Structure formats: C-alpha cells, structure tokens
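**Student:** What follows is the residue order along each chain.
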Amino acid sequence: MPKTQNITPPHWVLRFFRWFCNPDFVEDLEGDLFERFERRVDEKSLKAAKWGFTKDVIRLFRPGIIRPLTSSQNLNNMDMYTNYLKIAFRNIRKQRISSSLNILGLALGIASSLLIILHLKSELSYENSYTNADNIYRISSLKWAKSSPPLKGFLEFHLPEASRISQVAAFGSQIVETDDFKAEVENGYYVDAEFLKMFDLDFLNGNSQSKFHEPYKIVLTETMANQFFGHKDPVGKVVILNDREEYEVIGVVQDLPKNSHLKMNYFVSMSTFYKQRPESWTSNKNWMVTYTYALFDDHQSAKYINTRMQEVTYDFYPDDAKEEVDNAQAHFRAFPIKSIHLHSHKEQEMSANSDITFIYIFSALAVFIILIACVNFINIFTTQAIKRSKEVGVRKVLGAKKGQLVFQFLSEAFITTLIATMLGLFLANLALPAYNELVDLPISYSGLLTKTNIEILVGLVLIVGFLSGTYPAFYIARQSSVLSQKSDKTPNSIGVLIRKVLVVFQFTVSITLLTSTLILLLQTNYLKSKDLGFNKDQVVAIKSYGAFRTYLAEHWEIFHSELTQHTSILNAALASNLIGDNLSVEHFTPQGADPGIDYPSSRVMRVDDNYIKTMGISLLEGRDFVTTQDSIDAFVLNKKAVESLGLENPIGAIIENSSGEAKGEIVGVIDDFHFTSLHDQIEPLILSYKPEWTNQILVKLEGSRIEESMAQIESKIKEVSPDAIFDYQFLDSRLDDMYKAETNMSKIVNAFSVLAIFISGLGLFGLMAYVTEIRTKEIGIRKVLGASGLKIVSILTGNFTKLILLSMVISIPASYFLAQNWLAQFAFKIDLSWWMFGVAGPVILVFALVTISFQTFKAALANPIDALRNE
Amino acid sequence: MGKYNLGEFEEIVLLTVAILKDEAYGIAIIDEMENRLKRSVSIGALQTVLRRLEKKGFLSSEFGEATKVRGGKRKRFFSITAYGKKVLTETKEQRMELWNAIPEFSFSA
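Protein chains in written order, with the working numbering: chain B, 24 to 894; chain V, 52 to 160.
Since the hints were derived computationally from the structure, they do not count as laboratory data.
Where hints are given, some of them may not hold.
[Stated by the list, open to error] From the structure, some residues in chain V lie toward chain B, with a derived Cβ separation under 7 Å:
1. 77
2. 78
3. 79
4. 89
5. 90
6. 94
7. 95
8. 127
9. 130
10. 143
[Said to hold, decoys possible] Pairs of lysine-lysine residues, derived as DSSO-like cross-links and limited to a Cα-Cα distance of at most 30 Å, are as follows:
11. 107/V to 67/B
12. 424/B to 551/B
13. 78/B to 137/V
14. 425/B to 119/V
15. 143/V to 70/B
16. 78/B to 119/V
17. 286/B to 298/B
18. 739/B to 636/B
19. 636/B to 800/B
20. 800/B to 814/B
21. 136/V to 73/B
22. 70/B to 107/V
23. 713/B to 741/B
24. 117/B to 413/B
25. 67/B to 143/V
26. 424/B to 119/V
Note that the structure is predicted; figures quoted are calculated from it, not measured.
Note that beta-carbon positions come from the ideal geometry of N, C-alpha and C, so glycine has one too.
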C-alpha cells in the first residue's frame, strides 16, 4: 500500500467538515463519508471520489448537522475553577524553589519598574498643578532664557493676543532677618502683580493685593512665613534683607509645587527692582535679567504668535540691522512652560532642567527590566509546566479542551503575577525612601497608591501575566495527550530555540547595562577628577553681605593679613562669583578696533589681587593684579579671550566694554581653566580688578587642619561683624553638585543593572535546574560509561557559554551606540576604548557560570544509579 | 389522528431502517433506498432526517465496533423504537383506511 498517502479525501474539505459538524455526529458521519469515498475510488477514479466527497460535505452543510452556535452544556464550572486555583497554589508550594525564584524575579522587576514609572511620572508632571499651565508661555530668545526688562512694556503693546504679560527677576540668596529668625534664604524673586495672577497664587493671609504694586513689599510662601515668623500672622510685619532694606509683608501664598521650574521662596514687588537700579539699566534692551511670561487664551493664538515673532523681534530692536539680530539668535519665541523642564536648555535657565534623554533612558530601563523578568517567568514557568505534562495528559483524557487548558495555565500565570505584584509593591514601598535619596526627588510614599498608580499596576499585571503566560499556556495545551503522559520527553526544537533566544536577549541586556554602568562611572569619575586648571581642594567660599561686606570694602587689607597670619590659612581672596556660577556676559573690544569687526562676547568676573594665587591658576604672561598699581580698571584674560579678541601682544593692550563704563589695560594672561561645568567648552574670560564689587571670600586652607581653620575664620568674622552669619561652602562639593544629574543617573543605572543581572541570574538558575533534570538519565548513562564529573559539567555548561558569548557580541554595538549618544552632551569626555566593551561580558559569564555551577556540580556528582533505576 | 405528521421521506427512511434491522447505518440506508426505490438520496438529506427522527424519538442509535476501513471511524447503527413502530403502524393503518374507502370502479376504469 504505497499509495495510501494519496488516497485520502481532500484535506481542507475534511477540515471544513470537522469544523462545522456537530461534534456528536462527527465520528460516524466522517466514517460514512470515508466509506463512500473509498467505494468511489474503487468504482470510479480518485478524482471523481474526491469530487463526490466534496459534494457530500457541502450537502451536509445544513441546519441539523451544523454544530449549535452556543454550547448546549451550561454546566456549573465553579468546581473546575476552584480546582484550577487549588492546583495553582499546590504547584507553587510543591515546586518551592523555582516558584519563589520566579516570583522573586518578577517582584523585583515590577518593583523597579514601578519606581521608575513613578519617577517618570513626576518628571513629566512639571507645571501641571497650575490651572493655566497649558496656556502660559515663556517669551525668550532662541539662545537666552532671560530677556530684558523693556520687553514687558513692548509686548503689552505689540502682543494684544496675550491676556497677561509678566516679568520676574532673580533676587538671589539673601540674608533674611525677622524678630525670630536670621539666616540666608535662597530663591528670592522680584515678581510683578501679574505673576501672582497668572500662576494663581492667591493670598492665604492678607488681602491687600493692590499694595503689591508699591516698592518694598514682600509676599512669602507658607513654609517661609512659618520659618520667619513661627505661627504668628506675618501680614504687616517687617522683614529685613541683607541688613539694609526693610520690606513689609503683605501676604502669604501657598508653596509653589515642587514639580515646577519655578523655584521661589518669597516674592518682592517688581517696583522695588526698578527703584534699586538706575533707569539706564532697566531700559537697556540688552540687559538679560528678567524672565518674561505670557498668558494666552488658547493654544491657537500661541501658535499663531510664533509665526510673527520674527517681525516682533525686529520691531523690538529698531536700531539693529536685521542681520545682526539674526546672528545673535535674538529672535523671540513663545515657549510653553510645560516643556521647559525637559526641553529647554538655554543660557541662564531659572533652575537646572532635566532632559528628555533621561526620560528615554529611564523608560527603556523600565521596559527592559520588566522584559527580563518576563523572560525569566516564561522560562521558569514553561519548564515547571512541562513537568506537569502528566497532569495535562490526565486533564485531556478527562475531556479538557485546549481552550480550557490555556485558560488554566494563563490564570496560573496571572495568579503568580498577582502575588509577585503584591510583593513588588511591598518592595517598592521599602525601597522608596532609599530611591528618593538616590535620585534626590520627592516621590511620596503615600502617593504610591493613587488611582492612576493602581491603574498602572493593574496594567502591569495584565501585560506581564499575558506576556509570560501566553507562550507556556499554548505550548502545553498544544501537546498531544499521549505524549503528555510521557513526562521525561524533551521539548521540541522550537521550544528550545525560543528559550535560547530569550536567554540571549536577557544576557544582551544585562551585558549592555553593565557596560553602560561602567562608562557612566568612568565619565563621572573623569568629571570629578579632571585637572580643571585650578586647585579646587580645601577652598572654602564664604558669602559676604550687608555690614560685613561694607566692612570688607574698607578694611579688606587688614582682614586679609589678619586671616592669613594663622598658619592653617594659606591665602584668601575676593570674587564676584564662584566656579559654576553663570558669569555676566559682556561685550569687550580692543581700543581702536575696526568697528566692522564683530568680537564675540566674554564672561567677566570681578576679583581682587589674591584670586589667581588662591585658586592656583597658572599665569602665562605678564603679572597678577597689584593693589597699589591697579587703581584704574585692570584686566587679566584667559587664553581664549586673547584669541577671541585677536590680540597678538596682549600685555599692555587697552580694552573697553560696549557701554564704555569699563576700560583698562590688560596686565596678564592666565591659562584656560574650567570656570563652568565640563558640559561646556571653556569660553573667553576676563578677570576684572574690582574688589569692591565682590561678595564671596575664598579661603584656601591647609588640608590637615580644616576644623581648626574654620573655627578661626568664624571667630575672625564675628569679631569684625558680630551679627554676620557664617555661611560657607566648600568648592569641591560645589563642583560635585554640578554633576548631580550625571551622578544620580549613574547611581540609578548602577542599581538597576545590578538588579537586572540578578534577575537574569535567577532565571538562569531555574533554567539550569530544569535542564539538568531533563538530562538526568543522559548524565547517568554518561557516567556509567566512564565520563568524569568535570566532563559532565563542561557538557552542561557549554551551551550556556555559547549563548552568553553570543550576547556579548550583540551587546557591543548596542552599548557603543548608547555610550556615544550619552557622551555627546559633554564638551569634555573620556575616550571610548575597546576594553570598556570587553569587560562586562566576561564578568557576566563568570557570574552565570557560578550561578549554574550549583546545578551542574550537583548533577555531575550524583550517583548514576539514582538516575537510572527508575522504569 | 394526524398528531404524528410523518413526512413522506421520513416514512421511507423509517421503513428502510426497519428493513435493514441490525445493519441500518448511513451508507447502508442510502444503498437500500437506491436499490429498492431507484431514488438517489444525498447523504446530507438523509442524515438530517435521521437526526430529526432520533430527536423525535422514532429512532435510536448506537455505535458499532471500529474497523480498519472508513478511516477507523465507528458506524452509527439506527434502530426503530417501539414508539417509531407504533407511529409507522398507525400511519399505515390510516393509509389503508383511505385505500379501503376508494370505490372499486375508480381503478378498474
């Protein structure tokens, strides 16, 4: 009977018949059909028989034969479901190790993703708490976040679409004094009355909003009011700022939300700002000092505004050629405040903004960790389930349908996921304080169980349960019952292939994460240890203000010499700014230069004659400032500035700034040093000798006696100015703060890559347990035939080693791409070299081998008789 | 009277099942009907009626033994129930009454 293959009725017709026919009739009808088919083959031809068969089937396709649409058996399935539940819990208990590995891995994955999701949510929620947030825009040029004071009046006239225009200016860190309180308080701002309305800051206490138009009025946030006045009503009381001016408190508003780019603690009326500064300044269109905000009625008008901002800009600078405006990137844009936190990176932002890249990186991290945990789940759950093929077989024999089995295993996956989620939630709760510290963010503990978060959790359970349960469920349900009864059957090749792919995926992610961690670490170390061109160690910066500052202006010489008498104090200097501050930008030109030449602007810092020595900056040419000689303006330039001004013989050259108020001789040239963070290139810098314009004292200490010197400085200050607050910071810790974002990210990626690797390890452990069990007999036979324990270990390990080697290869381009992108934001960065990409792989490999060695050695050392005596 | 409403085809199928006695399964019934009545019957039509008669209680069925032919599928043998017999007999009697009521000349003519 060689032709049996051919003498069968048309396959698809038969399938169609089986599909539509009432299951009760299928068997005998199919038999009848076959009988007629076989008879026709004998009597006529195969072709005729096939055709006859088809006709018969089509004729059977009629009511009465077709299966009923609804299942007629409306049985009570409750018992079945209870049984599923019971079996699920029994299995979790029975396969204790792999179940707990499974649940633990998933719980860790869920906990870390949850933390990341919360983190992302808080990053994405910036400005959301202002009612008008969608319609408030910051008007600024392409390059600068700040704009000049005259812009407000101009826009009020030229931008009729905006219903409110507001301006604020930084007041900075001030010494605040009330009856009960005296300390430095940062983030003071001059704001106008429109600002309070625009950001709906209603007075909690006090009702004389109209008074805010008058100068020397102050509005406090709740926290500040409590700090300054205890719980007394502050309205009408007086606050003294910087030992000088008195301000009347006219109201208290609620604290600004933390998730806002506006970081403000108290508000001084804008008219104060105008009162304190000469009119020639406040009417200067190039004096970038204020932030300008506009409120529109809707999105449309804001969109429309941007189309005609170019014209508005030209109108605003009527004296400048259009080309000049274009070159300076001075064009105004209405920038939605909601995008500021993640998308705005202009000069002089109000506070350090985050970056959308962080969001991408963290989202990817969350997704990958969840995926790794899911892969674990799939691997462990599938292997667990394969051990249960006997159960599946019995269920099938007893009439379980495929759908029911899928349902059973899916629901088990969901139960496990649910348990893992509960555990994950618990872990997230535990880790939250540590995580907050790690990322320096106020993600609230109580905020964990809000409605949206619960929705996110339910979503997570569904996605994870579905991702991890689907494959095992269908895999098991598809097996035929006869095979299911043979429990030690090895899985088919597709199953093995899928598992291999999953393992490769897991380890690729792990290795990539580890490599990224390494590169992050190297770069942050580089940032902290790079030679900055000055000596940042043991330099303490002390703020001078008020009476103390007045004293210093007159008696700095004496104060300096008395201070440095002490052996542990090496030197002391005055400066207008600290490293990392936004220095003022001024336009200097060499005297008598061709007016046609456009010189780039320079950064300017005011210092005294000790600055260069105290900071340990190397002088290349000329001399340092000298008190007695430099009574008129004198300048020291860095190399960049000499270059940008095109000076061939800088020493002795005269330079002046555009307003003409600063004009003097260049006395020296210093080497370029990093006065901003390493994100930026070194810019032209001009040090100007103006001790009276400074407000920071820099003191260089001897390393071994810091505490002693600090006490010495404090007593010295108290001596000359008893009321002064001793407010200081160390320069190196300030520099570290500049790389907070990087340090935090490095910490997060670090923590999560360790987690990811750990979870992968859990998965590998579970998988190896399964593989050794499947191959118990094989190992037994090998041992009986004389294989050594070591040989068996290497056989078991070989496969995984290959997979991990493959992961290493795949991870290299992935991590190279990531590293390149991340490093692009730094002007100064480490050079990527091959070893950075080669380290992680072997580390992971060793880790993996150690992980599986528990299983492999157990298998290799087992007595073969235990493996072989069954059956 | 008239309470059974046995259709013409239904009656023939019932009769054929009765004729075949223990051998009444799908194909055999079709063959028997084709042989005796020279009438071609589609498997679909027959099976629908068989199932309907079984549902009405005129027929009962049971599976036979599996054999190597027929793709290994078992046959479903139908047999007529007591109720079926009664209905069949009553139908026949009704017809006979009608026959007997015909005046004899009508045919001879």
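**Student:** State for each hint whether it applies.
**Tutor:** Consistency of the hints with the structure:
Taking 7 Å as the C-beta contact cut-off toward chain B, the hint placing residue 77/V at the interface holds, the least distance being around 4 Å. Interface hint at residue 78/V: satisfied, since its Cβ lies 5 Å from the closest Cβ of chain B, which is below the 7 Å cut-off. Of the supplied interface hints, the one on residue 79/V is violated, with its beta-carbon coming no nearer than about 10 Å to a beta-carbon of chain B, more than 7 Å. Of the supplied interface hints, the one on residue 89/V is violated, with its beta-carbon coming no nearer than about 18 Å to a beta-carbon of chain B, more than 7 Å.
Among the interface hints, the one on residue 90/V is violated; its C-beta lies about 15 Å from the nearest C-beta in chain B, farther than the 7 Å criterion. With its C-beta approaching chain B no nearer than about 5 Å, residue 94/V sits inside the 7 Å limit, and its interface hint holds. At about 3 Å, the closest approach between the beta carbon of residue 95/V and any beta carbon in chain B falls short of 7 Å, and the interface hint on this residue holds. At a threshold of 7 Å, the smallest CB-CB gap from residue 127/V to chain B is about 3 Å, leaving the interface hint in force.
For residue 130/V, the shortest C-beta to C-beta distance to chain B is roughly 14 Å, which exceeds 7 Å, and the interface hint is violated. Here the hint on residue 143/V is broken, as its CB sits about 26 Å from the closest CB of chain B, past 7 Å. Between residue 107/V and residue 67/B the CA atoms are separated by roughly 38 Å; this puts the pair beyond 30 Å, and the hint is violated. Among the hinted pairs, residue 424/B with residue 551/B is inconsistent with the structure: their alpha-carbon atoms are about 65 Å apart, more than 30 Å.
Between residue 78/B and residue 137/V the alpha-carbon distance is near 36 Å, which puts this suggested pair outside the 30 Å criterion. Taking the CA atoms of residue 425/B and residue 119/V, the gap is near 28 Å; set against the 30 Å cutoff, the hint holds. Of the pairs offered as hints, the one joining residue 143/V and residue 70/B is violated, with about 44 Å between alpha carbons and a cut-off of 30 Å exceeded. Restraint check for residue 78/B and residue 119/V: satisfied, since their Cα atoms lie roughly 24 Å apart, inside the 30 Å limit.
A threshold of 30 Å between alpha carbons decides the hint, and for residue 286/B with residue 298/B the separation of about 24 Å falls inside it, so the pair holds. Distance check on the hinted pair: residue 739/B and residue 636/B sit about 22 Å apart at the alpha-carbon level, within 30 Å; holds. Of the supplied pair hints, the one linking residue 636/B and residue 800/B is violated, its CA atoms being roughly 79 Å apart against a limit of 30 Å. Straight-line distance between C-alpha atoms of residue 800/B and residue 814/B comes to about 16 Å, which keeps the hinted pair within the 30 Å bound.
A C-alpha spacing of about 38 Å is found between residue 136/V and residue 73/B, which places the hinted pair above 30 Å, so the restraint is violated. Of the pairs offered as hints, the one joining residue 70/B and residue 107/V is violated, with about 39 Å between alpha carbons and a cut-off of 30 Å exceeded. The hinted pair formed by residue 713/B and residue 741/B meets the criterion: a straight-line CA distance of about 25 Å does not exceed 30 Å. For the suggested pair residue 117/B and residue 413/B, the alpha carbons sit about 15 Å apart, so the restraint of at most 30 Å is met.
Distance restraint check for residue 67/B and residue 143/V: the Cα-Cα separation of roughly 40 Å exceeds the 30 Å cut-off, and the hinted pair is therefore not satisfied. Taking the CA atoms of residue 424/B and residue 119/V, the gap is about 27 Å. The hint holds against a cut of 30 Å.
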